[in-house]
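In the order they appear, the protein sequences are chains V and Y.
Here the first sequence is numbered in my numbering, starting from 1 and rising by one per residue.
Here the second sequence is numbered in my numbering, starting from 1 and rising by one per residue.
The hints are simulated quantities; they were obtained by calculation from the structure and are not laboratory data.
Yeah, the Cβ is synthetic: ideal placement off N, Cα and C, and Gly gets one too.
Any given hint could turn out to be false.
[Unchecked claim] Stretch by stretch, here's where chain Y covers chain V in the computed footprint (C-beta under 8 Å, at least three residues):
| no. | segment |
| --- | --- |
| 1 | 63 to 77 |
| 2 | 83 to 96 |
| 3 | 153 to 161 |
Spelled out from the first residue to the last, the chains are:
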Amino acid sequence: MKRALFAAAALLMAGCINGGAWAADKLKVGFIYLGPVGDLGWTYQHELARQALVKELGDKIETTFLENVPEGPDAERAIEQLVRAGNKLIFTTSFGYMDPTLKVAKKYPNVHFEHCSGYKRDKNMSTYSARWYQGRYIQGQIAAKMSKAGVLGYIGSFPIPEVVSGINATMLGAQTVNPNIKVKIIWVNSWFDPGKEADAAKALLDQGADMIMQHTDSPAAMQVAGERGKLAFGQDSEMIKFGPKAQLTSILDTWAPYYIERVKAELAGTWKSEDTWGGLDTKMFEMAPYTNMPDDVKKMAEDTQAAITAGKSHPFKCPVVAQDGKEVECKGGDHLQDGQILGMNFYVKGIDDKIPGK
Amino acid sequence: MRLVLEKRAERSTIIALISPLIAIGLTIVTLCILFAILGKNPISALAVYFIDPLTDGYSLQEIAVKATPLVMIAIGLSLCYLANAWNIGAEGQFLIGAVAGSWLAVKTQGTDAGHWVLPAMLALGAIAGALYALIPAICKVRFGASEILTSLMLVYVADLLLDYLVRGPWRDPQGFNFPTTAEFDPVATVPTLIEGGRLHLGSIVALLVVAAGAVLLGRTIKGFEIRVVGAAPRAARFGGFNANQLVLLTFAISGALAGLAGIIEVAGPVGHLQPGISPGYGFTAIIVAFLGRLNPIGILIAGLFLALTFIGGEQAQIAMKIPLDVTKVFQGILLFYVLACDSLILYRFRLISTSPKVQSGAR
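Extracted from the complex, chain Y is given alone in its bound form:
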């Protein structure tokens, strides 16, 4: 008797629906064991993680603030991934967008520039992000270079460029050499929505992006092309779809969204340009995109959920003295179970009595 993983004849729709639930269930069980080992009450720990942040307005705002860049970036990435174009460099596009938009903020600082500054900054951020994303896309289409590698490498280029600018030319003259620009002027700042809170206009933009993504994928020919090129490249070729053009398009869109998210983050919650503006949003967004099944609504939910784990993780540190590392472990476990359960969509367990050929390669 042995247990083997066997390929299903077709996708299991039931499993596809319940797999995220199984994953979350397994995560909770694992977490409970972990909390018990740490000597914490698992039920109150889970409540602090997942319920408390949902019960007051402040935490809800903070969840939205944290989810905003994640969702915006992930929507763009999902288009790439659906079209089989692997943009891993959203972090770099995020940073370049932030840099490009900040350029205008720094140049207009202290002048009497009017309300055109912020819209222009956002436009600059999006354009710069798109152009930056087009570099790996063109290298792929024109020279066949792996976009996974080139887009990833460009993250470091962007990071160092930002570093150079805030340590050198753009450094706040009053900042005692600390690597940061001066605080942006009010006209160069994303307005907040609620007095005293940090919820800002960017969250509305993120919702619009989700809606636009849903329309693009669900209601337009371009969206259909993107999905066909990714799911059935041969069929797409017979259909006359230009795969290369779609690589350029999806990279440009995702770069623009990442760049926009970058400048919104800098002109919003941060208020100035400095190193470390992103605690890895561009990479976390990859998790968000897959957790959300590359579906715009799914991504919105996944982004909020991941943000919840960040906020809940902090509250768990405060209220129950649960170390921050547990939050990271938790995020890792969740992704692990999601991917593991997904394999059940295409594969199934089977008990067999003899041992014929071994099926392998469950991915």
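Only chain V is shown next, with the shape it has when bound in the complex:
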């Protein structure tokens, strides 16, 4: 009863306003975010890219985002809500939106979808991601140079291939500097949980690591490292504010060029379903300035970055030796094939741990 009464009252009020007048001919672009726009990590970088997109093409498009959308049953509804609100190009910015995005894409063949970091595609559903393993290889080299204990602390989110390949790339980089480098890994089973991330960082430091690397999205671990006078690498975004004396560098997700390119294609009517996996060369991500390290380490990092960018060096250069001592089949000529990296489910030699659930 109360709802009916309430609805009646609200209906009266609604009568006073005219329906929302949309600018009819602007392309509507929607975004689904995993975290809050203020997470200062993953979602924040997507939000920055959206803002850059608006700045660039604001007169031709209108953007909308839904934040804090959980990777569960609510995701499908959230995506469909964007479709129903008239969005013609929709970016779903987390791995866990893969199946919901696919479901909605099949239902609305005339709407285009862009899913970040997944592997399922369709006629109207593209995927895009970045070769962050390249950055992690550089970080591994820096870490091995800077670590006095020779023990790296690594905070993992989920043991999916992207994260596993990041750990491997880190170790392969580190081993070029110090073949006996060790890594300790803690899984927090979340992309964004500042409390758990901070606890993991403390535990890693207590266990003898003197360097924190993370594949989670908040700056909490950076703060812990700073407080303890240790060094750390940021993730997703510039985290130097949270550890002015701690941050060595950070992998910066720079989605803006890709978003602008895809929206331009949509505007021109040339959008096609694609699989984009960009790296340092296409600026799909960037490295934050190398700080808190001596000049020779900085030089080494810059050289490695230049070599990878130019395609002269590859983090997964063959031979890659797996944990069990066996050489991994080299399907990509002189380095592992993209498919092997995208589906990576083994640790390289030198990692004294096992992938959870394996």
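Once you have looked at the hints, place chain Y on chain V.
Positioned in the frame of chain V, the structure of chain Y alone reads:
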């Protein structure tokens, strides 16, 4: 002159009727102020929240989908609360139900198992939920352990069990290590009711549960016992009602309903087992139960209303760029006013000129 809160001689029936309306009125006023501060037109914001979702079939379906688990769980909880048994762990029973039912779905995956799979899954979910709820109930009856604490703690146990299963034994071999089972086979999936929509058979089940709850409470001796045990324990004892037996019964029923809701959610809208299948349904259902006055029809309305705020909240984000946090604030404000206004049923304001003894403890 001072304003005091004074206990009424008896319950005020008028206030009991209009208190939810006062609460909603106050919520709307507060919301309007909030919207105005945010620089949004309060009237159009309210329209987006509460009217737009009611005007198209898609949103109505989504409201029903969202309300289904809330209503089912809340009906069970209301029985517990009426009997003075405090089951706070419906979230855990929801998860265990989902896990138990999914076990069958995972085991029969890819086999030629027939249409018996889904009914068996639902039965497993309900039984597992009931058994899981009986743990705190037995601890309370047998050892006098606080069921509030034990049922709450078991939520985390269930959560971690689910986590373990989808990361380990039940993980989709093709899923690139992501913690999820493979998509359930069609025979293990709750059918949808309308082509292209997400409204599923579970919503019908929820309506049946509401009806059953109303009959149980209004028309049967057991229902009468439940209410007497809660409202007047001494009278119930004199009447020969077994309070302990009722604790076990109401816990089992509410566990079964939560478990059933869990497996329906997994086999319906989600389609596979994964962590995060519940955005806190078991806890939100507690709000629904109280918002609905522990009355089955009231719970149905409250569940739909709360679902409306979720859907409206999303549309407000899209149409008016109102942050999601406002939706959460709104839900909090609503509950606050409902509880505050309820205190007026048993208490009243009075202006007094002198200051005699202070009445306190308005709860």
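(request) Please name the hints from earlier in the document that this structure breaks, with their numbers sorted from lowest to highest. (result) Violated hints: none; all satisfied.
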